[in-house]
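> Just so you know, the sequences run in chain order A and B. Using my numbering, the first residue of the first sequence is number 1, and each one after it goes up by one. Using my numbering, the first residue of the second sequence is number 1, and each one after it goes up by one.
None of these hints come from the bench; they were simulated from the model. All C-beta atoms in this analysis are idealised placements derived from N, C-alpha and C, irrespective of residue type, glycine included. Hints may contain errors.
[What the hints assert, rightly or not] The calculated DSS-like cross-link candidates involving lysine-lysine, where the alpha carbons are at most 27 Å apart (straight line), are:
(1) A:LYS128 <-> A:LYS180
(2) B:LYS167 <-> B:LYS229
(3) B:LYS229 <-> A:LYS52
(4) A:LYS206 <-> B:LYS50
(5) B:LYS50 <-> B:LYS22
(6) A:LYS8 <-> B:LYS50
(7) B:LYS225 <-> B:LYS12
(8) A:LYS52 <-> B:LYS50
(9) A:LYS52 <-> B:LYS225
(10) B:LYS207 <-> A:LYS52
[Stated by the list, open to error] Pair ranges (Cβ atoms, derived):
(11) A:MET77 <-> B:PRO8: 48 to 58 Å
(12) B:LYS50 <-> A:LYS125: 51 to 61 Å
(13) B:PRO8 <-> A:ASN181: 25 to 35 Å
(14) A:GLU91 <-> B:PRO109: 21 to 31 Å
(15) A:LYS52 <-> B:LYS50: 45 to 55 Å
(16) B:PRO60 <-> A:LYS52: 48 to 58 Å
(17) B:GLY10 <-> A:MET77: 31 to 41 Å
Each chain is listed here by its residues.
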Amino acid sequence: MRTNRLTKQRIKEFLKEGKRFDGRELDEFREIYIETGVSKKAEGSARVRLGKTEVIVGVKMNIGEPYPDSPDEGNMMVTAELTPMSSNRFESGPPRIEAIELARVIDRGIRESKVIDFKKLCIKKGEKVWTIFIDIYSINDDGNLLDAAGFGALAALKNAKIPKYDDKEEKVLYGEWTNKNIPLNFIPLSCTIHKIDNQFIVDPNKEEEDASEARITIAISGDGTIHAMQKGNSKELKIEEFNEILDLAEKNYKKLFPKIEKFLK
Amino acid sequence: MVKEFKRPDGRKVDEIREMKAKVGVVPNADGSAMFQFGETIAIAAVYGPKEMHPQHEQDPEKGVLRCTYNMMSFSVADRIRPGPSRRSQEISKITEWALSPVVMLENFPNTVVDVHIYILQANASTRCAGINAAAMALAHAGVPMKDLVTSVSIGKLNKTLVVDLNKDEEDWEEGEGATDIPITMTSTGEKITHIQLDGKISVKQLKESIELARKASKKIYEVQKSALKNSMEEEQ
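So here's chain B without its partners, still in its complex pose (with noise of 0.2 Å):
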């Protein structure tokens, strides 16, 4: 008999902590977001379309979608030094193509689409709630969208597959140790705008990861409705 995998928190393999979602967050932007993954809790303000700065990145062709993805200093045990590090500004750029897929800035030649988002709390999968926050966001701000994305981490624990790693499970050490892949799809689950991935694991189980992620994608999904949903019946 296989020993049921036990993960730390007590999870189900396929469960996703809590999720909390929020619009409006932030009054002075075009739209804004908080979104929660248990202890990782994302915000993301939204500027723009406006006007391109500098003028040599205008692209007269089409809008800019334009992310810059941080972490608060005090958001980890060991604090960081603020201010963009090697890895937020990768970060960043993962975000805008995770995001651009869905956005549609044909229509906005010359100018860029701001997309700032903060880690208030960091206990892993920081870049998917911060893609999860960043696409409410934009959609709280009324920029065409062809759909939303949502964001979720995959993880082999040793050789058993999880969705949504804490950091208990990413700092996995037992057996194979942890792999982490974190992905992006349309809601649907259909199309993949994210991925990257960490560790060692076969093409098999690696399908398996991206059905998981699509279970997970819809769950997300429906959080992230609602919270839009609800914003606009407050403000209707």
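The following block holds chain A by itself, in its conformation from the complex (with noise of 0.2 Å):
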């Protein structure tokens, strides 16, 4: 069900006051749980939980060609299912605007960030390298699928293990790994900051989310270098209100990074 006007009206009002109605402050999250290994054949996997949001992500490995610009380096690609099971928003059927936006916006979190180390991936230039495919699931949307998401994504990349490969018959011995983890440089994190009435928030919950008026998701690192961005939802922000999400962004990774850390083992 959508969010009628009235709850929006009143999430604005309680927000004024900087208050929200389960209780958080504006920039906390809700309860993070991560658990990896969720499904045993995949390279790796993780379920994520934010409060009732969850996800599992899942992470293959293939051997492909490389792309004719990058012929040393191993390939990478995100899908997202916003499953039917997950809200009755989502139908079945090809995937819509929202699960491509998410998937790419992901994509390039990873990408961008720099997190994988693609040259590591190659097993023989120009014509072998690896395929990374990381394939998300939303298990129940309450909001917030996209840090969900990106999270998930990186607890998966952290959890696989790269499968045994015999060169000779030049295939894949799938359900039997290496000890060899995928190269991570360091771990960034995307997170995705929400301005509600001259507010802003994280982690909406999906009240929250249907009132939201602008987003931007920021993928940023430790030393505070940002890799990706993407602006969402329909209203414009003032260049001091972004000039105070970077901000927020910088603080938020610092708060949100030993939460997430704990679970990456």
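From the two separate chains plus the hints, produce the assembled complex.
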């Protein structure tokens, strides 16, 4: 069910006083829970819960040809299914724009921050490289699937072991793994900040997400470098507001990182 | 002396893999459940009864049960492309037929009850796990039902009948190879709501298979029932 106008108004009235329906601070995430290795046929997998929001992310690997412009680098593909299981707003069928945007934002957050060392995923230059598939499934949508999916993608990558590969037969020996992890450089985090009536909040639940006027997803790393951004939703942002969001994003990283890192084992 | 038959994972011929079940795994849904046979894990979520769209699929005499079954792309060794396939669409239909006899939608004309099933991890018998989860999710949603259904695969490995096939057994090649018979029954094991078969088997052994399924059915029912009961107690 869509959030009605009255509820949205109340959300705004609350935010004016710095309050949210569930008692959280404006920059406070719901409880974050991550479990890795939830799907054992995958090279890596993770279940992420942000409050009642839940996603499952799996990583599979295969051998493919490199792209002509990066002959010595592995490939990556991110897909997302916003399943009809996770909300009555989603329907079966080919991915719609929400799912496509989500997958692309997650893809860029990982790709642009160069978290994966793609050069180490080259088997034979110009001919054979590993392709990493990151597939995201929503299990329950109570807002902020974007950040949940981002954390899940990282956790699943971190959890993954590279499968064994038979060089002579030129095939992947699925179900047998090396003890090698996917080479990761560092941990960037994608965090989305929403603007509702001149206030900024993180980790909106579904009602708050419906009331959101503008959002910015920022992939940022520990040294404060920004690697990817996406502005969404239909209202504009003033320059001062944008600057404020950037400062918030840096603060967020510092608060979030320890909460996420403890699960990334 | 006939050498005793050894299953690859050491189970007795009539032994089901460890079963786990839980309801309420998808808070947004009207009902939901997880069902697990060993390493095979299915999640099901139910939405409805709700108005049927598209309208031309409405039935003015009763509600419609609509199932979708999908495997997560990483649930099997060789990644499958996300989205429906010919196989998943057939299993979706089979699942609908397996559940329809126990679901009472006469009082809900023009509505649909959607059942969405996802396989999180696959080690054979995924349709059976999916049907077991779906039956629980429907009950959890409070959809009127005459009974639960229970689903299990019976296999014939060479000449021996076994209960609840895993992947190694499904790929059995020795002797007469593997025959795979997924069967869905009402909880008392009196009625068959779904049966499929691939392989070769005599009428006599097929009849024996049904008896094995009946016995397995009772055990599965207990697991489903206790998960549903537990959830009721938690809610109180």
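> Hint by hint, say whether it matches the structure.
Verification of the supplied hints:
no., hint, verdict
1, A:LYS128 <-> A:LYS180, "holds (18 Å)"
2, B:LYS167 <-> B:LYS229, "violated (31 Å)"
3, B:LYS229 <-> A:LYS52, "holds (23 Å)"
4, A:LYS206 <-> B:LYS50, "holds (21 Å)"
5, B:LYS50 <-> B:LYS22, "holds (24 Å)"
6, A:LYS8 <-> B:LYS50, "holds (25 Å)"
7, B:LYS225 <-> B:LYS12, "holds (24 Å)"
8, A:LYS52 <-> B:LYS50, "holds (23 Å)"
9, A:LYS52 <-> B:LYS225, "holds (25 Å)"
10, B:LYS207 <-> A:LYS52, "violated (47 Å)"
11, A:MET77 <-> B:PRO8: 48 to 58 Å, "violated (34 Å)"
12, B:LYS50 <-> A:LYS125: 51 to 61 Å, "holds (55 Å)"
13, B:PRO8 <-> A:ASN181: 25 to 35 Å, "holds (30 Å)"
14, A:GLU91 <-> B:PRO109: 21 to 31 Å, "holds (22 Å)"
15, A:LYS52 <-> B:LYS50: 45 to 55 Å, "violated (21 Å)"
16, B:PRO60 <-> A:LYS52: 48 to 58 Å, "violated (37 Å)"
17, B:GLY10 <-> A:MET77: 31 to 41 Å, "holds (39 Å)"
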